[in-house]
Amino acid sequence: MSNQKKRNFQIEAFKHRVVVDPKYADKTWKVLEHAIHEIYNHNASGLSFEELYRNAYNMVLHKFGEKLYSGLVSTMTSHLKEISKAIEAAQGESFLEELNRKWNDHNKALQMIRDILMYMDRTYIPSNHKTPVHELGLNLWRDNIVRSSKIQTRLLNTLLDLVHRERTGEVIDRGLMRNIIKMLMDLGSAVYQEDFEKHFLEVSAEFYKVESQKFIECCDCGEYLKKAEKRLNEEIERVTHYLDTKSEIKITNVVEKEMIANHMLRLVHMDNSGLVNMLLDDKYDDLGRMYNLCRRVPNGLLTIREVMTSHLRETGKQLVTDPERLKDPVEFVQRLLDEKDKYDSIINKAFINDKTFQNALTNSFEYFINLNARSPEFISLFVDDKLRKGLKGVSEEDVEIILDKVMMLFRYLQEKDVFEKYYKQHLAKRLLSGKTVSDDAERSLIVKLKTECGYQFTSKLEGMFTDMKTSQDTMQGFYASHPELGEGPTLVVQVLTTGSWPTQPSATCNLPSEMSALCEKFRSYYLGTHTGRRLSWQTNMGNADMKASFGKGQKHELNVSTYQMCVLMLFNNAERLSYKEIEQATEIPAPELKRCLQSMACVKGKNVLRKEPMSKEIGEEDAFFVNDKFSSKFYKVKIGTVVAQKESEPEKQETRQRVEEDRKPQIEAAIVRIMKSRRVLDHNNLISEVTKQLQQRFLPNPTEIKKRIESLIERDFLERDNVDRKLYRYLA
Amino acid sequence: MIVAAPAAKDRVKFNVGGRIFETTSTTLANAGRDSFFGPLFDENWDLKDSSQSAGGGEFFIDRNPDCFAVVLDLLRTGDLNIPPNIPERLLYREASFYGVLDHVRSAKWGPFDGNRLRYSKSISGTAPGDGTAIRAAPDGGCAVAHGSIVHVYDWMLSEEHPPLTLDHQRVNDVIWVDPENLAVSACERLGRGDGGLGMFNKTSGQLRFKFQVTHDNQVKSFTAGALATAQNPNHRIFSSCKGRSNEYGIGVWDQFTGKQVDFFYESPGWSLGDADRLQWLEERNCLLVATLFPRKDNCYISLLDFRTKDMVWSWSDVGAPMTVDERRVRDGIAMEGNNAICVVNEYEDLGFMDLRMNGGAIRWSSRSRLIMKGRMPDDEPCYPKLALHDGGQLFSSMNDCISVFCGPDMVMTSRLRRGYGGSICDFSIGGDRLFALHSEENVFDVWECPPPPVI
Chain U
681 MSNQKKRNFQ
691 IEAFKHRVVV
701 DPKYADKTWK
711 VLEHAIHEIY
721 NHNASGLSFE
731 ELYRNAYNMV
741 LHKFGEKLYS
751 GLVSTMTSHL
761 KEISKAIEAA
771 QGESFLEELN
781 RKWNDHNKAL
791 QMIRDILMYM
801 DRTYIPSNHK
811 TPVHELGLNL
821 WRDNIVRSSK
831 IQTRLLNTLL
841 DLVHRERTGE
851 VIDRGLMRNI
861 IKMLMDLGSA
871 VYQEDFEKHF
881 LEVSAEFYKV
891 ESQKFIECCD
901 CGEYLKKAEK
911 RLNEEIERVT
921 HYLDTKSEIK
931 ITNVVEKEMI
941 ANHMLRLVHM
951 DNSGLVNMLL
961 DDKYDDLGRM
971 YNLCRRVPNG
981 LLTIREVMTS
991 HLRETGKQLV
1001 TDPERLKDPV
1011 EFVQRLLDEK
1021 DKYDSIINKA
1031 FINDKTFQNA
1041 LTNSFEYFIN
1051 LNARSPEFIS
1061 LFVDDKLRKG
1071 LKGVSEEDVE
1081 IILDKVMMLF
1091 RYLQEKDVFE
1101 KYYKQHLAKR
1111 LLSGKTVSDD
1121 AERSLIVKLK
1131 TECGYQFTSK
1141 LEGMFTDMKT
1151 SQDTMQGFYA
1161 SHPELGEGPT
1171 LVVQVLTTGS
1181 WPTQPSATCN
1191 LPSEMSALCE
1201 KFRSYYLGTH
1211 TGRRLSWQTN
1221 MGNADMKASF
1231 GKGQKHELNV
1241 STYQMCVLML
1251 FNNAERLSYK
1261 EIEQATEIPA
1271 PELKRCLQSM
1281 ACVKGKNVLR
1291 KEPMSKEIGE
1301 EDAFFVNDKF
1311 SSKFYKVKIG
1321 TVVAQKESEP
1331 EKQETRQRVE
1341 EDRKPQIEAA
1351 IVRIMKSRRV
1361 LDHNNLISEV
1371 TKQLQQRFLP
1381 NPTEIKKRIE
1391 SLIERDFLER
1401 DNVDRKLYRY
1411 LA
Chain G
9 MIVAAPAAKD
19 RVKFNVGGRI
29 FETTSTTLAN
39 AGRDSFFGPL
49 FDENWDLKDS
59 SQSAGGGEFF
69 IDRNPDCFAV
79 VLDLLRTGDL
89 NIPPNIPERL
99 LYREASFYGV
109 LDHVRSAKWG
119 PFDGNRLRYS
129 KSISGTAPGD
139 GTAIRAAPDG
149 GCAVAHGSIV
159 HVYDWMLSEE
169 HPPLTLDHQR
179 VNDVIWVDPE
189 NLAVSACERL
199 GRGDGGLGMF
209 NKTSGQLRFK
219 FQVTHDNQVK
229 SFTAGALATA
239 QNPNHRIFSS
249 CKGRSNEYGI
259 GVWDQFTGKQ
269 VDFFYESPGW
279 SLGDADRLQW
289 LEERNCLLVA
299 TLFPRKDNCY
309 ISLLDFRTKD
319 MVWSWSDVGA
329 PMTVDERRVR
339 DGIAMEGNNA
349 ICVVNEYEDL
359 GFMDLRMNGG
369 AIRWSSRSRL
379 IMKGRMPDDE
389 PCYPKLALHD
399 GGQLFSSMND
409 CISVFCGPDM
419 VMTSRLRRGY
429 GGSICDFSIG
439 GDRLFALHSE
449 ENVFDVWECP
459 PPPVI
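Going down the list, the protein sequences come from chains U and G. Here the numbering used here is used: position 516 in the first sequence is 1196, and no number is missing along the way. Here the numbering used here is used: position 155 in the second sequence is 163, and no number is missing along the way.
Okay, chain U solo, but in the shape it has when bound (with noise of 0.2 Å):
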């Protein structure tokens, strides 16, 4: 301060402000203009701090803040624009080296204005609304260097230059690229917008524009997705590198527009190496890969799941409908299991177990396993296979295993219905004749369905394992309630409950005297321990083990069943025996004896009789011998009944019927109980909560609603509403 001001002070010594010397703000102002000066040329070790703090400390108190403030940003214009003639003269790489010095400069320079001026900073600044020191040099450097003419454009293709060497494969100075984009961050998220990621994000969109084009004609599916990955990752990994991180979503996002959007649908259907052919050869890597990029993009993956969804139902309906496929339940529902094996691997390692993904497959074999109307059937049919021979020898894992996934095609089917009422025939099949290999193996699987389709489902498949166990008891209480039937035949009895099985009635055979005594004993007592009940014999269902000699002594048990057994039995009494006289004496229907003496007269290894003609077919003339030259290399002798696995034309057809029929009840109870509980509804309501009340178990056919709704009618359950004849009432 100047004498000429102490001298001012002393005169306006009461005045409350002091009036400083007119020249003073100047005065100061050029210490500090100076200082500034030097501190940008490298020379502030001359620089007092405490001098230059308490000065501009004191043009803020004495209210010369304006001046200072507008000092300062002029004279840091100045030197900016001195600094851009400097950067605009470097020349070709030296460009970025020399705007990155000048900008650590600047830095240096405006930490060290910003000390001086902490004061005005801290109390001008903010009760006058400018802009603080450290922002307002930022903003001069942005204004009077980044977007000065000569090196906004020039700074920007630099930086875009180096990036397109980069992706060709050169190195650059990353240091330096990050550097200066990290300058363009400091500057605002504007500035590196503006200046910067715009025309980056507008030159990268062309870059892979012409690449993935040059890709796409020349590589096939599998490379392509490798470069288009390998790409992205690159991207992704420069934006680490040098660029701000939330460029990161907007660079992948050009890629994968213009890489994979673009030319998905080309890249999905390629021929030889797209979609279907990765799925047919399993190519879990390429389709890991596929998965990963098509889900960065909309509708990605829908068009993938689009594409293998109509591939799987094509190569499913091939697979339920093929004539050739169809000869071997067995192998039929093993090549469905395949099938989705194959799949869920694929969506396990490729797909990450995308749950949509999972829905689809689903939905494909829903789709397809209801195309064939036997596959409820063929998968009954595999169980019984499993259950009889299938499993020995297989840990209970493994069994669970099998189960699990029968199981999983029974879930796919429309018509659980169908599916029980073989279930139950091939169930009652295996326990009739002992042939189940896993009581327990039986009993998971019950559980099993009774999980999934509830009690009523399993009730009586339980009822025919819990009759199996008291027959077991009732035959050990006949023995010992009758000591003297020890010698002579042994009879087992299996007490079956009358709708827990799938019984036909038959017509019940003559059985041979000793047979037909025996069970008239048990007859009389069962019904003395159980009254009010009726017994008949099911002697279509039964087997006997009987001990016979042939004509040079050699001794067999044969395995047989009751009607091979009855028509044996009378080869004791005679040597021939026309068809007629088999016919008349056992009463067998025609077509379970022409089996039965087929199975016994004409099948190589097991002919204990002998026909005349010789000849593949039972006519009503044949006549049949005991065959003598009867041999076989067992002491047992199994001898089966001709039957085809597979049911008959007639046989389905009545299987069918059969469904029908116990659908129709079904059907009845369910409009019965939503009438109950709506009271009013319409038609078309009516059928379609019907639909999905049976839909666990069957597709019911909006005919046969229809049909039972009148029924119902008919038997005043329900009435049609007088004036809406579309509205059913019920009658309570």
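Honestly, the hints are just simulated from the structure, not real lab data. Predicted, not measured: the structure shown is a model, and the values here were computed from it. Ideal placement from N, C-alpha and C gives every residue a C-beta, glycine not left out. Keep in mind that the hints are not guaranteed to be accurate.
Claimed, not checked - Now the in silico label distances, taken between C-beta atoms and shown as ranges:
hint : chain 1 : residue 1 : chain 2 : residue 2 : range
1    : U       : 841       : G       : 33        : 44 to 50 Å
2    : U       : 833       : G       : 33        : 45 to 51 Å
3    : U       : 1409      : G       : 291       : 52 to 58 Å
4    : U       : 815       : G       : 50        : 15 to 21 Å
5    : U       : 815       : G       : 19        : 34 to 40 Å
Unchecked claim - Short derived list, chain U residues pointing at chain G, Cβ under 8 Å:
hint : residue
6    : 785
7    : 799
8    : 1175
As the list claims (entries may be wrong) - Computed cross-link-like contacts, SDA-like style, restricted to lysine to any residue with a CA-CA straight-line distance of at most 20 Å:
hint : chain 1 : residue 1 : chain 2 : residue 2
9    : U       : 1020      : U       : 968
10   : U       : 788       : G       : 213
11   : U       : 747       : G       : 212
12   : U       : 707       : G       : 70
13   : U       : 788       : G       : 51
14   : U       : 743       : G       : 213
15   : U       : 1344      : U       : 1368
16   : U       : 906       : U       : 896
17   : U       : 788       : G       : 42
18   : U       : 810       : G       : 42
19   : U       : 810       : G       : 49
20   : U       : 782       : G       : 51
21   : U       : 743       : G       : 306
22   : U       : 765       : U       : 827
23   : U       : 810       : G       : 213
24   : U       : 810       : G       : 70
25   : U       : 1101      : U       : 1376
26   : U       : 743       : G       : 97
Model the placement of chain G on the given structure of chain U, informed by the hints.
Leaving out everything else, chain G in the frame of chain U:
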């Protein structure tokens, strides 16, 4: 930076206005980078060489050495001790020079506790007329409304910011929106659009926005009454509003844009536009509105949920039998933590209502007016007012006295009173200070807690 001896690199020697001080760079680092001492350690400045060449290994500062001693002591200990010979104003100016004013502020008084409050000072104003409201600012300053003028003080209380006025209309309420801005509600002037509600910057005194009420796409003039702010979930400002046609109710504006975002039209008889107190309940996401006797003949308290446009809780004494001593609710405040609304009557009895139960009655506390009985002041009485501090302490003003209540049962634990100044018409807690405004003498008192004890 000065290195006095190679053995003690940390040592720094200052010559302040001719007096030598020695300290360490560690002590000075407590001032922070954004202070005068910050650059001393910055390598850019390279101050070590320059000061050594300047002379004697000292760093010269052309400032008052007495104040420097206080500041240095503050940096060393965190304690502020101002010797009697140094005026506070001088010290504040020096602290401002060094950029450590915030350090001084936080050392000057301790964290708030109603039972440790000490009378600090009284500030007299020049405004004529009765005081209307006093509001503590978050930084320890305050705003005082008298008539149509609002005087704004910073925490040093010596410096007054430019006074605020909203078209010179009578001010009804003032609220701090944030440490820099405050909203002022005032009466309208018929037909001119004057008055209403405005937000001001405290430092510059500039009017930042005028909040408007729009009804049927027309801007209406209105009288703004009691105010409240909500920071969570979004930055809102609420005002009780009274217009000439339909604009009775609670207006809601955005703090940043100043735009009206909602309006809760009052249902008949609920007098939302005449409220004495608004309070935002953050946990419940509701606004408490209390309209009380004697502004209206009856008392109404309600909670408004703006999401459902619903009155989710309400109470009124309409139709309640008058008790012999005519206890009427004069103020109410919600204590969210206790699920209660606390009310006070003109005898300074506290009463409580359960917030979880709609339509309950007031449970008057058995604490009797042991001191006040029969001692009604001769001069104009002031109605009791309530305030709450975050720590769960409740404050109630009555005549010339403020009572402090603590604990789950709200037991009176302290009374704050000065021998003069007359009745307290309003008081406010904020920035760890309590301000009490006297009604007739145009004086307000500042109460603060001493810094924590030395040992």
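Tested hints:
1. U:841 - G:33: 44 to 50 Å: Because 48 Å falls inside the window, the suggested range holds.
2. U:833 - G:33: 45 to 51 Å: holds, 48 Å
3. U:1409 - G:291: 52 to 58 Å: Holds, since residue 1409 of chain U and residue 291 of chain G (Cβ atoms, about 53 Å apart) stay within the stated range.
4. U:815 - G:50: 15 to 21 Å: holds, 20 Å
5. U:815 - G:19: 34 to 40 Å: holds, 37 Å
6. 785: violated, 11 Å
7. 799: Given a least distance of 7 Å, the restraint on residue 799 of chain U holds.
8. 1175: violated, 68 Å
9. U:1020 - U:968: holds, 18 Å
10. U:788 - G:213: violated, 36 Å
11. U:747 - G:212: holds, 19 Å
12. U:707 - G:70: Given that 20 Å is the threshold and the Cα spacing comes to 18 Å, the pair holds.
13. U:788 - G:51: Distance of about 10 Å is within 20 Å: holds.
14. U:743 - G:213: holds, 18 Å
15. U:1344 - U:1368: holds, 17 Å
16. U:906 - U:896: Holds: residue 906 of chain U and residue 896 of chain U sit about 12 Å apart, inside 20 Å.
17. U:788 - G:42: Since the Cα atoms of residue 788 of chain U and residue 42 of chain G sit roughly 16 Å apart, the hinted pair holds (cutoff 20 Å).
18. U:810 - G:42: Roughly 18 Å between the alpha carbons, so the hint for residue 810 of chain U and residue 42 of chain G holds.
19. U:810 - G:49: Since the Cα atoms of residue 810 of chain U and residue 49 of chain G sit roughly 28 Å apart, the hinted pair is violated (cutoff 20 Å).
20. U:782 - G:51: holds, 18 Å
21. U:743 - G:306: Between residue 743 of chain U and residue 306 of chain G the Cα gap is close to 55 Å, so the pair fails against 20 Å, i.e. violated.
22. U:765 - U:827: holds, 13 Å
23. U:810 - G:213: Holds, at roughly 16 Å.
24. U:810 - G:70: Given pair residue 810 of chain U, residue 70 of chain G is violated - Cα atoms ~29 Å apart, limit 20 Å.
25. U:1101 - U:1376: holds, 15 Å
26. U:743 - G:97: holds, 19 Å
Violated hints, listed in ascending order, are 6, 8, 10, 19, 21, 24; each of the other numbered hints is respected by the structure.
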